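**Student:** Here is how the chains run, residue by residue.
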Amino acid sequence: MTQSSDTPATSGRSRSPVAAHPVTSAIIAILVLASIFFALYVPFYASATPKVGDFPFFYFYLLIYMPVLGVVMWIIITLQRRLRPGPGAEGPAGAGDGEVTR
Amino acid sequence: MSNVNAVTFTIVVVLFLVVTLTGFAAARWRRAEDMLHLNEWGLGGRGFGTFVAWFLLGGDLYTAYTFIAVPAAMFGAGAVTGYFAVAYTIIVFPIALIFLPRLWSIARVHHYVTPADFIRGRFGSRGLALAIAFTGILALMPYIALQLVGIQAVLTVMGVGTTAGNAFVKDLPLFIAFLVLAVFTFVSGLRAPALIAFIKDTLVYLMIIVAVLYLPTKVGGWGHIFSTAQAHMTSISPVTHKPTGVFIPTTGNSQLAFSTLALGSALALMVYPHAVTAVLSTKRRDIIKRNMALLPLYSIMLAFIALLGYVALADKVTAANVKKANNPQLAVPYLFQHLFPSWFTGIAFAAIVIGALVPAAIMAIAAANLFTRNIFKEFFKPDASPRLETRVSQWVSLIVKVGALLFAIGLPKTFSINLQLLGGIWILQTFPAIVSGLFTRWFHRYALLAGWLAGMLYGTIAAYNVSSPTASHWAGSVNTLWGHTYYIGLTAIILNIAVSAVLTLVLRAARVPAGTDETLPRQYTADPVDAPARPAPAAAVLESEVPRGD
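Line by line, the protein sequences give chains A and B. Numbering that gives the first Met the number 0 puts the first residue of the first sequence at 0, with every later residue one more than the last. Numbering that gives the first Met the number 0 puts the first residue of the second sequence at 0, with every later residue one more than the last.
Simulated from the structure, these hints should not be mistaken for laboratory data. Wrong hints could be hidden among the right ones.
Derived pair list, reagent style DSS-like, types lysine-lysine, alpha-carbon separation capped at 27 Å [what the hints assert, rightly or not]:
hint: 1; chain 1: B; residue 1: K315; chain 2: B; residue 2: K376
hint: 2; chain 1: A; residue 1: K50; chain 2: B; residue 2: K282
hint: 3; chain 1: B; residue 1: K376; chain 2: B; residue 2: K282
hint: 4; chain 1: B; residue 1: K315; chain 2: A; residue 2: K50
hint: 5; chain 1: B; residue 1: K323; chain 2: B; residue 2: K241
hint: 6; chain 1: B; residue 1: K315; chain 2: B; residue 2: K217
Distance ranges between label pairs, derived from CB positions [as the list claims (entries may be wrong)]:
hint: 7; chain 1: B; residue 1: F174; chain 2: A; residue 2: K50; range: 44 to 52 Å
hint: 8; chain 1: A; residue 1: F36; chain 2: B; residue 2: L405; range: 38 to 46 Å
hint: 9; chain 1: A; residue 1: P21; chain 2: B; residue 2: Y204; range: 21 to 29 Å
Covered stretches of chain A (chain B as the covering partner; in silico rule of three or more C-beta atoms under 8 Å from a C-beta of chain B) [said to hold, decoys possible]:
hint: 10; segment: 44-51
hint: 11; segment: 56-68
This structure is a prediction, so every number in the text was calculated from the model and none was measured. Note that CB positions come from ideal geometry on N, CA and C, so glycine has one too.
Pulled out of the complex, with its shape left as it was, chain B reads as follows (with noise of 0.2 Å):
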């Protein structure tokens, strides 16, 4: 393993140059009079059309960590932990069209730039705000960190850093990798990821396509691919004596796990920060919805991808080293190295490495934002200008990264993807603030703070609880209650939203103030094409607001 493919790292390290220049030539690409102003390092000046908005958004939210860990899951548990996300990216979409139009409406009237800014205005509550914008930046840090674990799973199979023993020698390479995603975010904002996007698009295009042409036929065809994965799934493993896993879900409990799991994974994402970010980055509201119709295509890509877990199994050596490393995120990586030849390799890597940067840059800049608009301005300097909020959206960004770092190298990997998978179960607490909101005033402030906190607390105490053979604290996202299995995460939120409505009620019987509303009814359909995307005296932007109702 210690013999590094010269092919293969070559062809890595050109690339990743190429992605670092583009990074950094990205300040100049639509370039704005005023660069230091939060809709243009933090939203890329919110001008983005249909083309770039789908690179962008599918650059954001197909992550190097999904190409990893999906096929991953795939391989090592087949379709309830694997497959789902096949069916979640699915249903996302529709309901995601259900609502996020709206908040691209009312958030560009009011030039909200974070999620937690729409709730402060709509409920007029520093504390719920305050609760959404925490939720997202502990939700971000470790998804941040789990992109660099996929930098490091190729990394490891490439054979680079890892024989040193020196901890800091050892990581080297990663360094290097965050120090220029670091830097050019810095720089350029939004813009770079955008940009980058286009790059990683095409490569993991590229790579996907002749992984799927290619692959199966040195494997033995898809027909054997499936045999065999049915056979591993339904053996008895060892050490819990029961079978490895779930080839196709037909018992009641497999098929609620799966279903509960793609529709909570699903809520969730859209309410992501940095999903929001690259959703706000657009010019016009049809834009979101056009992007709804096209970013399905990814999915298909993604559907192939975890397919890959199943041809890693299929084929004998990659089965022998994951289960010598005793790690499955290396399936896809060691599945590549040992089919493609050394250049093709080198390229589909490049894409793993790149793919990595883009969303992990993104995510920055949403927790960046997040802490700028709604903790920095909102408790600490009401008075920030446009351009100090900027500095310290640049400063909190590299911040977030260092610690993401640390999260990444210092932590076991398994830290980590607990912590993301606690950070499904959290994000998806401020789906009902956000999207109830969207669409009524019903909910009280207050109880939707007590819900939130309700369906964290639960979330995380079931998430510790779950236990397996082989580990006993948060060994998955699913638990049983009363006989049946269901995500943690659709429990928490029907919690949640259950404590949210009961307060409500009792709230409001007691007359308790429920804050001023900033947001007008007919502001949510929106569609201000020509108003300037930066804020304007209040009465100049209301004059050119079209509403365009649907």
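Bound conformation, chain A alone (with noise of 0.2 Å):
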């Protein structure tokens, strides 16, 4: 693989946390557009069946988004946190980690 260091400020420059995660990455960019997508895409959710309660589905689509967004977007950060290089790093153990302290 690419050399190791144990200076942070030089594997950050030698190799991008994106190539050394390539799943996880692909992992955050298609959360990340999927997030955008399925809020924008209006012939998705624009009708007023199924209803929930007395909501009409455009109104109650949109309003339960919103706490899915919120742990969507908190899995999103946690993920990241993964690709952060060097011994710095917190949060879960990622698989790179350990070539790089090694």
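Please dock the two separately framed chains into a single complex, following the hints provided.
**Tutor:** Quick look at the structure:
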């Protein structure tokens, strides 16, 4: 793989976090794009039915989107922590952390 | 309408006094050794954590005008011009997550205070930075004025100051509110709105939770509310001979208008200078990200506020009152006044008034910082000391607010609303330069300037040409192009990017100098936790910064 180093500054320069974690990066990209797309693509939810309680589906969908978005954003941020190189990284240890410190 | 309800009035006045005292006390909150520094006065010491930042950003982005205008739009025309705001406040967070952390990092490393500071450093172009600063100030002025229009809507319904013939006496309560705002911003800087935001948000949450649980039971439940709204929106308007509004956007054009409005507004929101000011006032890079996950909580509230427009429609007395006043902006204040007990009306009205003061203060600070850093220091006094910078900013914030006050009372209300609509289109034209600059230097500085100019001109002219049966110009923010309906801001930004891209190729081929870039790639992901918030010798700053990329 790429060169290992003790200082985060040099490891950050030697290879990009995206290249080091292709799967995590792809998941982040998909989650970001999906959370934008499903709010913008109106034909997907512009209907009065199925009614949820007294709420037409159109109005209910965007309401329930908010808490879901909060959770999705939290997942994205947690995944982004994995990309963070170097010993200073917090959160769950990513696959690449071992390589950098070895 | 001339009898003022004593209970309501007293509660509003008392809460206003509490806020005034808080505003002045804020100067002592997290007190710095030297308040006369723009990092302190203008950015609250760059030290706010997740909790404070959540209140500050929430208080900043969800303005009193939103509480008045979004339900008013729902009341008047339904989903496309009203409920789009919900979709807009959804997508703003994933979009902001892409670029705001980079903006925070680069601004922290180089001690940028405004978005135009970043443009100056990245592209080495005084002209482009001036264009960004100018657009920011231009777009913020009517926005501040509209906060006053929000206060006016509440005062009108309260019956305060509307009976006198004299213009000065008529607007006296507004003068007092504004004077207080101006003075505490001058003294305490960004700390004042940050502290007041706690009170604002508590009151707003209280107001909205009670409104959502209590009001529908008074007008026949949500089922009745939605069926009334549907009947109203599909009824044929006698003026336009078309349906009054859109209940659910099912036609291609209404869907396109809905999503382009949402996308355009979302792109614009986070490049508004007052949003950038709040973002740069935070302590760590993580705090921005965490807030992108926490702020959607606020948007749930916005969705319910929007639906209050339909509740107002279902309440016959409110609907009649609004019709008599011929001003849909009064829908929510009238609804509260009619259905809440007078003491709770007082709390709700105070929430709206205070909700206007917080963003107005941050906007004035942002506009003042833009003037000081990118016009005064850049073109008139390059050797200005931090102390002088702060002094200038304090006075400019005052001037900006007086200007907004004159706007609000001197010009017809529709004029401020049109200008704010234009402001959104204008500020969107700074998006390509700022956001592309955060990722690449591919675009040429002069190409970005030309693209900005093209977008500004097209957007302004296109907005001017929008007509409706009731207005010959400025009738809305969507227009029809090649048979499809789009948000003007979005077509303008596409033109902007196209012009920038084509001219970049030309200027590169002609080898026109691209300007010097003072930033380094790794600084865009830096998280200098221990770096001093105040400018220190450059070497010390660079050493202490620990890049943590993601």
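**Student:** Decide, hint by hint, whether the structure agrees.
**Tutor:** How the hints compare with the structure:
Between the alpha carbons of K315 of chain B and K376 of chain B the distance comes to roughly 56 Å, so the proposed pair goes past 27 Å and is violated. Annotation: proposed proximity of K50 of chain A to K282 of chain B is violated, straight-line Cα distance about 44 Å (limit 27 Å). A C-alpha spacing of about 26 Å is found between K376 of chain B and K282 of chain B, which places the hinted pair at or below 27 Å, so the restraint holds. Restraint check for K315 of chain B and K50 of chain A: the C-alpha separation of about 25 Å stays at or below 27 Å, so the hint holds.
For the hint linking K323 of chain B to K241 of chain B, the alpha-carbon distance of about 22 Å falls within 27 Å, and the restraint holds. For the hint linking K315 of chain B to K217 of chain B, the alpha-carbon distance of about 11 Å falls within 27 Å, and the restraint holds. Between F174 of chain B and K50 of chain A, the C-beta spacing of about 49 Å keeps the proposed range 44 to 52 Å intact. The beta-carbon spacing between F36 of chain A and L405 of chain B, approximately 44 Å, falls within the hinted interval of 38 to 46 Å.
At about 42 Å, the beta-carbon gap between P21 of chain A and Y204 of chain B misses the expected band of 21 to 29 Å. Restraint check on the segment 44-51 of chain A versus chain B: 3 residues with Cβ-Cβ distances below 8 Å, three needed, restraint holds. Check on the segment 56-68 of chain A: 8 of its residues sit with their Cβ under 8 Å from a Cβ of chain B, so the three-residue criterion for coverage holds.
The structure fails hints 1, 2, 9 (numbered hints given earlier, in ascending order).
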